[in-house]
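Listed below, chain by chain, are the residues.
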Amino acid sequence: MQRLILKRLGLMVVMLLGLAVITFTVANIAPGDPARLAAGPDASPDMVEKIRVERGFDRALPVRFGLYLGQLAQGDLGTSVYTGRPVAQDIAVFLPATIELVLFSILIAVVLGVPFGVLAAVWQNHLPDHAIRFLSVSGVALPMFWLGLMLQWYLSLELGLFPLGGRLGTFDDVPTTITGMISIDALLVGDLATAGTALMHMVLPATALSFPALAAIIRVNRAEMLEVLGRDYVVNARAQGIGPFRIIAIYALKNAILPTLAMIGLRFGWMLGGTVLVESVFDFPGIGLYAAKAAISSDFEPIMAVTLILGAAFMLTNLLIDLMYALLDPRVRNQI
Amino acid sequence: MTDHPLLDIRDFSLVFDTFDGTYHAIDGVNLSLQPGEALGLVGETGCGKSVLTRAAFGLVPSPPARITGGSVQLQGRELLGLSDRALRQVRGREVAMIFQDPMTYLNPVFRVGTQLVDAIRAQSGGQTKRDEAKAIALDMLEKVQLPNPNRQFAAYPHELSGGMRQRVLIAMALAAKPKLLIADEPTTALDVTIQAQILDLMAELVADMGLTMIMISHDLGVVAQVCSRIAVMYAGKIVEDAPVARIFDAPAHPYTKGLLAALPHPFRRQDRLESIPGTLPDLLHPPAGCLFAARCPHAAPICAKPVPMRRIDDSHRVACTLYDPAREKDRADA
Ligand SMILES: Nc1ncnc2c1ncn2[C@@H]1O[C@H](COP(=O)(O)OP(=O)(O)OP(=O)(O)O)[C@@H](O)[C@H]1O
Ligand code: SF4
Ligand SMILES: [Mg+2]
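Protein chains in written order, with our numbering: chain P, 1 to 336; chain H, 1001 to 1334.
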């Protein structure tokens, strides 16, 4: 087990390097003069040239990549031209918000998706199945961005049920930062009201973000449950007189959840990517919105940092999923 | 008690509602077992052996299955129409089943012991406590001669060999001390040497526990080892029912004769097993008469009419016009 984890972590470093090469290249092929941007709109041509040499923008791409890696190795993520702050500082502020939002979304997708998948399978071709499949198809068909806008327009602009955007109201006090996730920090200091407000702010963006994942989880879990419920060990369990609830919720589900877990891992990655869109719609100050703004202003170092962090998060999640797989399936456990 | 059958299946019929139409899987089956009897149910693949023995105890999902008539009585109690809960109790306490492939009938993600304890508790309707159930389970594992019961108790199914798993499944099935055991090809998936061991074990347990048993197989040889009577099934019907010796020495139905001819003979060198040419009839549109007619060397016009089961003597029944006095008359008329 430890060996597997070490091996996977090693592999992760290699993959992150690859990711860095690709992002670095793409960001530098994109039009726009980084020296000009760094110098600001009022800078004279001389100033721009000076900055170009100073920051190494005149060197060859591989050399600059080497320099960037050296800088990364020292734990320096660079500086954002847009915010004027060190990228690490920005990320320390924005990343917890995104983690909070994504965790909340995953929670929604799993807590609803798994039981819905089970129900649809148990009631195959009956009303609950049709209703749940309709939901699942909508999740595939509706673009996240559009769904976010619609939710925002109808539920918050028209009906006023939810806040329009942000993490808290303008006049709400932010609780002391412990984890940086407002709802959790508020809970930790016993401030239920603020925790509630923070959750209310997350309902709409999390719904938009979780919808495609919800649809995918339902689909996979339904199919797996149908398959598993037809297996011989289910017949044997029934032959022993074991009741339907135990058979469905324990005997069958523990088998069916394995492929669903893989889907959850995959969808987690999509969600991370989706934060760029959803956070923009809901003006939710997370790393996705930060990345969107950085991309618009060709703010190079934040883009690099966000990409690498999201990549690492995706890889770590999948490692975690694989470990859970091993925990649930003794056959996998023996292989590692 | 011997005059009162333990299991009495009468006129049992079942169809599957499929996309292509109504599939007549079981048609008018009569079968009864005296307490302590061991019956072999044989017939080629797809003839309905599993469906019959599972559906009688509510184990075939409906839809697609639909029981269209008949009755199933266990010790005089009607099972058809019982609630799910009542049927579950019957399955747990009175009827035990073991199946063909021990590799697939144990849940791969739970420990053997967990599954045994769960089954034992379910069999008692939740009355048995966990540690009692564990004691019973270990006791049963001992009884089925599983080496190292304590260790296997904590093992996962994939850590056990096929023979060991079948022993676990037998232990599970028999823990509640049932009256009736349905063994659906319990040795087909095992190596020959293991097969013999499992058959021996089953014979021993059946005798020990005074079980009544239906042993399903397409292998007449296997059935002859453990059973006293054989029922031959063809295309959803019982076509012959007689003591083992009768089936081997004086088979009455042409299909039974065909099955016997397909057995490798111990004293004769055979280059090729004789098998019965042709396949099962289309049970979406079953003919009214004998279902074997298309493959039967003795088929006659009278075989196109419904062929009832008739008694040759007290212990021997057959569904074939060869034993119908009307057949000679029919031929004379023609
Ligand atoms: N769920 C189902 N839907 C439709 N047809 C079915 C279903 N289950 C079984 N059948 C059909 O019922 C018939 C009897 O099947 P059954 O499994 O009882 O055969 P069997 O005699 O046990 O064969 P084997 O020796 O291969 O186990 C088969 O032709 C099968 O195709
Ligand atoms: S009834 Fe006719 S067709 Fe059927 S087995 Fe007997 S002789 Fe053959
Ligand atoms: Mg079968």
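Keep in mind that the hints were calculated from the coordinates and are not lab data.
Incorrect hints may have been included.
Pair ranges (Cβ atoms, derived) [to be verified]: (1) 1288(H) to 262(P): 32 to 42 Å; (2) 1221(H) to 254(P): 58 to 68 Å; (3) 262(P) to 1285(H): 40 to 50 Å; (4) 126(P) to 1285(H): 53 to 63 Å; (5) 126(P) to 1010(H): 44 to 54 Å; (6) 269(P) to 1155(H): 33 to 43 Å; (7) 1132(H) to 169(P): 56 to 66 Å; (8) 269(P) to 1204(H): 54 to 64 Å; (9) 200(P) to 1177(H): 58 to 68 Å; (10) 312(P) to 1066(H): 49 to 59 Å; (11) 25(P) to 1061(H): 21 to 31 Å; (12) 115(P) to 1061(H): 13 to 23 Å.
This structure is a prediction, so every number in the text was calculated from the model and none was measured.
All C-beta atoms in this analysis are idealised placements derived from N, C-alpha and C, irrespective of residue type, glycine included.
Hint-by-hint comparison with the structure:
1. 1288(H) to 262(P): 32 to 42 Å: Given range 32 to 42 Å: violated, Cβ gap about 53 Å.
2. 1221(H) to 254(P): 58 to 68 Å: For residue 254(P) against residue 1221(H), whose Cβ atoms are near 40 Å apart, the range 58 to 68 Å is violated.
3. 262(P) to 1285(H): 40 to 50 Å: Check passed, 45 Å falls within 40 to 50 Å.
4. 126(P) to 1285(H): 53 to 63 Å: Roughly 30 Å apart at Cβ, these two residues miss the hinted range, so it is violated.
5. 126(P) to 1010(H): 44 to 54 Å: violated (33 Å)
6. 269(P) to 1155(H): 33 to 43 Å: At roughly 36 Å between Cβ atoms, residue 1155(H) and residue 269(P) fall inside 33 to 43 Å, so the hint holds.
7. 1132(H) to 169(P): 56 to 66 Å: holds (59 Å)
8. 269(P) to 1204(H): 54 to 64 Å: Between residue 269(P) and residue 1204(H), where Cβ atoms are some 57 Å apart, the hint holds.
9. 200(P) to 1177(H): 58 to 68 Å: Since residue 200(P) and residue 1177(H) have Cβ atoms about 59 Å apart, the given range 58 to 68 Å holds.
10. 312(P) to 1066(H): 49 to 59 Å: The hint (49 to 59 Å, Cβ to Cβ) holds, given that residue 312(P) and residue 1066(H) are roughly 57 Å apart.
11. 25(P) to 1061(H): 21 to 31 Å: Because 57 Å falls outside the window, the suggested range is violated.
12. 115(P) to 1061(H): 13 to 23 Å: Since the Cβ atoms of residue 115(P) and residue 1061(H) sit about 22 Å apart, the hinted range of 13 to 23 Å holds.
Consistency with the previously given hints fails for numbers 1, 2, 4, 5 and 11, ordered from lowest to highest.
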